[in-house]
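A.B. asks: Use the sequences and the hints to build the structure in full.
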Amino acid sequence: MADTSVEQIDALLPQIHCGQCGYDGCRPYAEALKSGTADINQCPPGGETTRDALAGLLDRPARPIDPERGHAIPPQIARIDESACIGCVKCLRVCPVDAIIGAAKQMHTVIAEDCTGCELCQPACPVDCISMEPAGAMTAGERARARSHFQRRQQRLQRQAAARQQRRAAASRADKQRAIAAAVARNRARRGQSGHQPG
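Letter 70 of the sequence shown, counting from 1, is numbered 919 in this note's numbering, and no numbers are missing.
No wet-lab data here; the hints were simulated from the structure. Predicted model only: the values in this text are computed from it and were never measured. It is possible that some hints are incorrect.
To be verified - In silico SDA-like cross-links for lysine to any residue, where the CA-CA straight-line distance does not exceed 20 Å: (1) Lys883 / Gly905; (2) Lys1025 / Arg1037; (3) Lys954 / Pro972; (4) Lys939 / Cys978; (5) Lys883 / Arg912; (6) Lys939 / Pro975; (7) Lys1025 / Arg1035; (8) Lys1025 / Asn1036; (9) Lys939 / Ser1021; (10) Lys954 / Glu931; (11) Lys883 / Ala911; (12) Lys883 / Asp908; (13) Lys954 / Leu941; (14) Lys954 / Cys937; (15) Lys954 / Ile929; (16) Lys883 / Leu907; (17) Lys883 / Gly871; (18) Lys939 / Gln955; (19) Lys883 / Glu931; (20) Lys883 / Ala902; (21) Lys939 / Arg928; (22) Lys939 / Val976; (23) Lys954 / Pro975; (24) Lys939 / Ala973; (25) Lys939 / Ala953; (26) Lys939 / His998; (27) Lys954 / Asp930; (28) Lys939 / Glu968; (29) Lys939 / Gln971; (30) Lys954 / Cys978.
Unchecked claim - Label-pair ranges, simulated between beta-carbon atoms: (31) Ala1018 / Arg912: 43 to 53 Å; (32) Glu917 / Ala961: 25 to 35 Å; (33) Gly885 / Glu917: 11 to 21 Å.
Glycine included, C-beta positions come from ideal geometry on N, C-alpha and C.
C.D. replies: What follows is the structure in structure tokens.
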């Protein structure tokens, strides 16, 4: 296992990014497997095939899939009933591969060829306009594309978080500068008033 890379582990995972393993996606699960903080039986969508491949790669015993992780998700894709969609963007925020497009108060739609069928969008939808439809099993190319989309989304979210933090820090600095300027102005005003008092 010492020579096993996160990439080798990630390559064995189904790239659904459903979170059933307890991690935010297949890559974080692969990192946890590499560090020894996760077990190989935490991926219901991958089933016994993935578990056995991980057992071989990581030289660990193949234990049954943990039933507390849920059931295997059959190959599927999300569909949005566009006539019922209110454009709340909640599904966009949870899609791990950015397979849903739309804008606030505008109709949303699923890019079918990018959808991994993770089901994360369904509970996020406040009007129940998302259904899951059967799909064929993901090919190696589709898994690679899902991996790429997941990584690109993670990078975008990290950039956005860093930008928000910079804006907060800048706002905090600006607030401090305004507070100091106001205190200086009050102090000058007091000194100015005390200098004009009759003596």
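A.B. asks: Confirm or reject each hint.
C.D. replies: These are the hints, each one checked on the structure:
This hinted pair checks out: Lys883 and Gly905 have alpha carbons roughly 13 Å apart, not beyond 20 Å. Note on Lys1025 and Arg1037: the hinted pairing holds, with a Cα-Cα distance of about 18 Å set against a maximum of 20 Å. Distance hint between Lys954 and Pro972 is fulfilled; the C-alpha atoms sit about 19 Å from each other, no more than 20 Å. For the given pair, Lys939 sits about 12 Å from Cys978 by alpha-carbon distance, which is consistent with the 20 Å threshold.
Restraint check: the Cα-Cα separation between Lys883 and Arg912 comes to about 17 Å, which is no more than 20 Å; the hinted pair holds. Pair hint Lys939 plus Pro975 holds up; C-alpha atoms about 8 Å apart against a cutoff of 20 Å. For the hint pairing Lys1025 with Arg1035, the CA-to-CA distance comes to about 15 Å; that is within 20 Å, so the pair holds. Under the criterion of a C-alpha separation no larger than 20 Å, the hint pairing Lys1025 with Asn1036 is consistent with the structure, at around 16 Å.
With a C-alpha separation of about 29 Å, the suggested pairing of Lys939 with Ser1021 is violated against the 20 Å cut-off. For a cut-off of 20 Å, the pair hint linking Lys954 to Glu931 stands: about 12 Å separates their Cα positions. Proposed proximity of Lys883 and Ala911 is supported: the alpha carbons are some 16 Å apart, at most 20 Å. Proximity of Lys883 to Asp908 is assessed by CA-CA distance (about 12 Å); at most 20 Å being required, the pair is judged to hold.
A C-alpha spacing of about 12 Å is found between Lys954 and Leu941, which places the hinted pair at or below 20 Å, so the restraint holds. The straight-line distance between the Cα atoms of Lys954 and Cys937 is roughly 6 Å, inside the 20 Å bound, and the hint therefore holds. For the hint linking Lys954 to Ile929, the alpha-carbon distance of about 15 Å falls within 20 Å, and the restraint holds. Between the alpha carbons of Lys883 and Leu907 the distance comes to roughly 8 Å, so the proposed pair stays at or under 20 Å and holds.
About 15 Å separates the Cα atoms of Lys883 and Gly871, which keeps this hinted pair within 20 Å; it holds. In summary, the hint linking Lys939 to Gln955 is supported, as the alpha carbons are separated by about 12 Å, within the 20 Å threshold. For the hint pairing Lys883 with Glu931, the CA-to-CA distance comes to about 42 Å; that exceeds 20 Å, so the pair is violated. Distance check on the hinted pair: Lys883 and Ala902 sit about 14 Å apart at the alpha-carbon level, within 20 Å; holds.
A C-alpha spacing of about 15 Å is found between Lys939 and Arg928, which places the hinted pair at or below 20 Å, so the restraint holds. Simply put, Lys939 and Val976 have alpha-carbon atoms about 11 Å apart, close enough for the 20 Å limit, and the pair holds. For the hint linking Lys954 to Pro975, the alpha-carbon distance of about 13 Å falls within 20 Å, and the restraint holds. For the proposed pair Lys939 and Ala973, the alpha carbon gap of about 6 Å is at most 20 Å, so the pair holds.
Annotation: proposed proximity of Lys939 to Ala953 holds, straight-line Cα distance about 9 Å (limit 20 Å). Of the pairs offered as hints, the one joining Lys939 and His998 holds, with about 19 Å between alpha carbons and a cut-off of 20 Å not exceeded. This hinted pair checks out: Lys954 and Asp930 have alpha carbons roughly 15 Å apart, not beyond 20 Å. Between the alpha carbons of Lys939 and Glu968 the distance comes to roughly 13 Å, so the proposed pair stays at or under 20 Å and holds.
Taken as a hint, the Lys939 and Gln971 pair is honoured in the structure, with Cα atoms around 10 Å apart against an allowance of 20 Å. With a C-alpha separation of about 15 Å, the suggested pair Lys954 and Cys978 falls inside the 20 Å cut-off, and the hint holds. Take Ala1018 and Arg912: their Cβ atoms lie about 47 Å apart, and the range 43 to 53 Å holds. The hinted range of 25 to 35 Å is satisfied by Glu917 and Ala961, whose Cβ atoms lie roughly 31 Å apart.
Checked against the hint of 11 to 21 Å, the pair Gly885 and Glu917 passes, with Cβ atoms roughly 20 Å apart.
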